[in-house]
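Chemist: If you read the protein sequences in the order shown, they are chains A and B.
Note that my numbering has the first sequence beginning at 1, numbered continuously upward.
Note that my numbering has the second sequence beginning at 1, numbered continuously upward.
No lab work stands behind these hints: they were computed from the structure.
You may find that some hints are simply not true.
[Unchecked claim] Okay, the calculated beta carbon distance ranges per label pair:
hint, chain 1, residue 1, chain 2, residue 2, range
1, B, S151, A, E231, 41 to 47 Å
2, B, V22, A, G332, 54 to 60 Å
3, A, E180, B, N65, 49 to 55 Å
4, A, P188, B, N65, 42 to 48 Å
5, A, P215, B, V5, 38 to 44 Å
6, A, K227, B, N65, 43 to 49 Å
7, B, T135, A, D313, 55 to 61 Å
8, B, S151, A, L216, 56 to 62 Å
Don't be surprised by glycine CBs; every beta carbon is placed ideally from N, CA and C.
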Amino acid sequence: MARELLKGNEAIAEAAIRAGLDAYYGYPITPQNEVLEWMSKRMPELGRAYVQAEAELGAINMVYGAACTGARVMTSSSSPGISLMMEGLSYIAGTEVPMVLVNVMRGGPGLGNIAPSQGDYNQICKGGGHGDYHPIVLAPANIQEAVDMMPLAFDLAEKYLTICCVLLDGSLGQMMEPAELPEMKPYPHPFNQPWAVNGAIGRERRILTSIYLEPLEEEQVNLRLLKRWEEIKKNEIRYKEYYLDDADYVVIGFGSAGRIALSAVRAARAKGIKVGLFRPVSVAPFPYARVEELCKKTQAFLVTEMNSGQMLDDIRLAVRNRVPTRFYGRLGGVMPFADEILAEIEAMVKNPPKAEEDAAQAWLQRALAAVQD
Amino acid sequence: MATLVTPENLVYARTRGLTDMVEHYCPGCTHGVAHRLVAEVLEEMGVLDRTIGVAPVGCSVFAYNYLNCDFVEAAHGRAPAMATGIKRVLPDRIVFTYQGDGDMASIGMGEIVHAAARGENLTVIFINNAIYGMTGGQMAPTSLPGMKTSSSPTGRDVESQGFPIRMSEMLCTLEGAGYVVRRSLHDPANIRKSKKAIRTAFEVQKNGLGFSMVELLSTCPTGWSQTPVASLGWLEEHMIPAFPLGDYKISGPVAALKI
Numbered sequence: 001m002a003r004e005l006l007k008g009n010e011a012i013a014e015a016a017i018r019a020g021l022d023a024y025y026g027y028p029i030t031p032q033n034e035v036l037e038w039m040s041k042r043m044p045e046l047g048r049a050y051v052q053a054e055a056e057l058g059a060i061n062m063v064y065g066a067a068c069t070g071a072r073v074m075t076s077s078s079s080p081g082i083s084l085m086m087e088g089l090s091y092i093a094g095t096e097v098p099m100v101l102v103n104v105m106r107g108g109p110g111l112g113n114i115a116p117s118q119g120d121y122n123q124i125c126k127g128g129g130h131g132d133y134h135p136i137v138l139a140p141a142n143i144q145e146a147v148d149m150m151p152l153a154f155d156l157a158e159k160y161l162t163i164c165c166v167l168l169d170g171s172l173g174q175m176m177e178p179a180e181l182p183e184m185k186p187y188p189h190p191f192n193q194p195w196a197v198n199g200a201i202g203r204e205r206r207i208l209t210s211i212y213l214e215p216l217e218e219e220q221v222n223l224r225l226l227k228r229w230e231e232i233k234k235n236e237i238r239y240k241e242y243y244l245d246d247a248d249y250v251v252i253g254f255g256s257a258g259r260i261a262l263s264a265v266r267a268a269r270a271k272g273i274k275v276g277l278f279r280p281v282s283v284a285p286f287p288y289a290r291v292e293e294l295c296k297k298t299q300a301f302l303v304t305e306m307n308s309g310q311m312l313d314d315i316r317l318a319v320r321n322r323v324p325t326r327f328y329g330r331l332g333g334v335m336p337f338a339d340e341i342l343a344e345i346e347a348m349v350k351n352p353p354k355a356e357e358d359a360a361q362a363w364l365q366r367a368l369a370a371v372q373d
Numbered sequence: 001m002a003t004l005v006t007p008e009n010l011v012y013a014r015t016r017g018l019t020d021m022v023e024h025y026c027p028g029c030t031h032g033v034a035h036r037l038v039a040e041v042l043e044e045m046g047v048l049d050r051t052i053g054v055a056p057v058g059c060s061v062f063a064y065n066y067l068n069c070d071f072v073e074a075a076h077g078r079a080p081a082m083a084t085g086i087k088r089v090l091p092d093r094i095v096f097t098y099q100g101d102g103d104m105a106s107i108g109m110g111e112i113v114h115a116a117a118r119g120e121n122l123t124v125i126f127i128n129n130a131i132y133g134m135t136g137g138q139m140a141p142t143s144l145p146g147m148k149t150s151s152s153p154t155g156r157d158v159e160s161q162g163f164p165i166r167m168s169e170m171l172c173t174l175e176g177a178g179y180v181v182r183r184s185l186h187d188p189a190n191i192r193k194s195k196k197a198i199r200t201a202f203e204v205q206k207n208g209l210g211f212s213m214v215e216l217l218s219t220c221p222t223g224w225s226q227t228p229v230a231s232l233g234w235l236e237e238h239m240i241p242a243f244p245l246g247d248y249k250i251s252g253p254v255a256a257l258k259i
């Protein structure tokens, strides 16, 4: 296949189709509308299932139904729509059926705006819906990475009978850049998973449910989910590293923030600062162990996000005050410029924070002081 | 005992559409009747092994324990959406939801209206007993004006608590609906009519003629604080005038259907 100039949302949609998507159910919301629009054209012409639902609530429950049949199914939405889907996501997690969720984050809280944000990291990475469960969350930083993630997301969801979320922001959904799409997977493919509810032809009937009235039984279900999560933590940690071999300082950011930080790291390198970039790709499960390793040879970390430091909490779990850490965040749909992050790198090198300093608090005080000026 | 039953003298047998499990419903509740009718129809049509049921939240949350086919359990009110998701990927299967009035006409209003509007090839069995049974007898969207429930202790005050919703009348206006009827389970004659309607509804789906729903007026002796026998009389006396029995939508192709 050749590289083409592709829009993020459309590339994601087509990559999912080529990965063998059986059904897409969604609802319009900016900045992910192009996923739904692409599906509305392509899925019917390929003879596959597509419904524009009456709301995200309907969409996620259609996904739930199709997931129970063992079909490859996905939906996509953006922040307020993802909030509406949380009920269904919890049921899907509790029923242990696979699905892929694309979350193109925008500024919030509330109706917020339609600009790129990473403000929903905690919502999706820490579960979101009610009950003890963990979705797998993958965060691409460019369109090629997002395209490559779609087949992977389905494979992981089906392997671990779980939700796999591809977490990006409005800028990645809306931008165009060259990327290569995968080959079309042979279709149709049988979906005859040994757990699926698809009509009891020649077999015992099956029931898929998330209700376990007996608490001892529900506890066993919870333990089974956690055991599977342990397997995921063992096998599915993913991250990217740039210029880390000789780095004294490490910038950490995921998705678009990580991508912008890479430009800042290159600019800092040009100025002679030995700095590298660590970009978590699986943000759930989070690469805690690798961050711990990086502590051994790093003088200071700069964590940068398009939120108030939600991933920073995960970094702090790994760093545990052993290495000075500085934080830089932009909120509400504002993306940082590479120059801003470069200035933060320089500030970190010039005035390293104390190891025990609360990075989020220190950043917030700086941010609030800037507002007052 | 077994030797007493021979093919020659067998006049009734338990339908294969029901499992052997003892139902959890209260004495006098008509859920058991509705279950049996659905089970008999699915068995008679020979589709049990390719039927997928979608159970609701409410008293019939465990319908899947009793009806002998593949089943999923939906979130409260979302059964029509879940059924849509299933039917669209498995169009040759028979897919039905079994929902109560709180599940459908309150929390699930959006899902049911849009499933009907899209003309989803689903069958909906709608149990209307004018009360929330499972949570302890609270006011339902179909509770009658003045009806005492645990959340309308002095009677449903329409000034502050609104009026009952008539689902069949509402859904029959949608072009996607092929077959929408209301029946009652309060006496044997009406039970027979209910079964016939359930059969028609599943035939509508089998023939791809759009959304089909059978609303079944039902009793809740526990929630209504009445004996089983008195509740049957109460249904006839109070519910039928508020929810008239009848055929609300029979589309042209459905009318031409030979069963």
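Chemist: Is it true that B/V22 and A/G332 lie within 54 to 60 Å of each other by Cβ?
Modeler: 58 Å, holds
Chemist: Between B/S151 and A/L216, does the C-beta distance stay in 56 to 62 Å?
Modeler: 32 Å, violated
Chemist: Between A/P215 and B/V5, does the beta-carbon spacing fit 38 to 44 Å?
Modeler: With Cβ atoms ~43 Å apart, the hint holds.
Chemist: Against the range 41 to 47 Å, how does the distance between the Cβ atoms of B/S151 and A/E231 compare: consistent or not?
Modeler: The hinted range 41 to 47 Å holds for B/S151 and A/E231, with Cβ atoms some 46 Å apart.
Chemist: Could you check the hint for me, namely that A/P188 and B/N65 are 42 to 48 Å apart, CB to CB?
Modeler: 33 Å, violated
Chemist: Holds or violated: the 49 to 55 Å window for the beta-carbon distance between A/E180 and B/N65?
Modeler: 51 Å, holds
Chemist: Between the beta carbons of A/K227 and B/N65, is the distance compatible with 43 to 49 Å?
Modeler: At roughly 27 Å between Cβ atoms, B/N65 and A/K227 fall outside 43 to 49 Å, so the hint is violated.
Chemist: Does the beta carbon distance between B/T135 and A/D313 stay inside 55 to 61 Å, or does it fall outside?
Modeler: For B/T135 and A/D313 the Cβ distance comes to about 38 Å; the hint is violated.
This entry does not satisfy hints 4, 6, 7, 8, going by the numbered hints stated previously.
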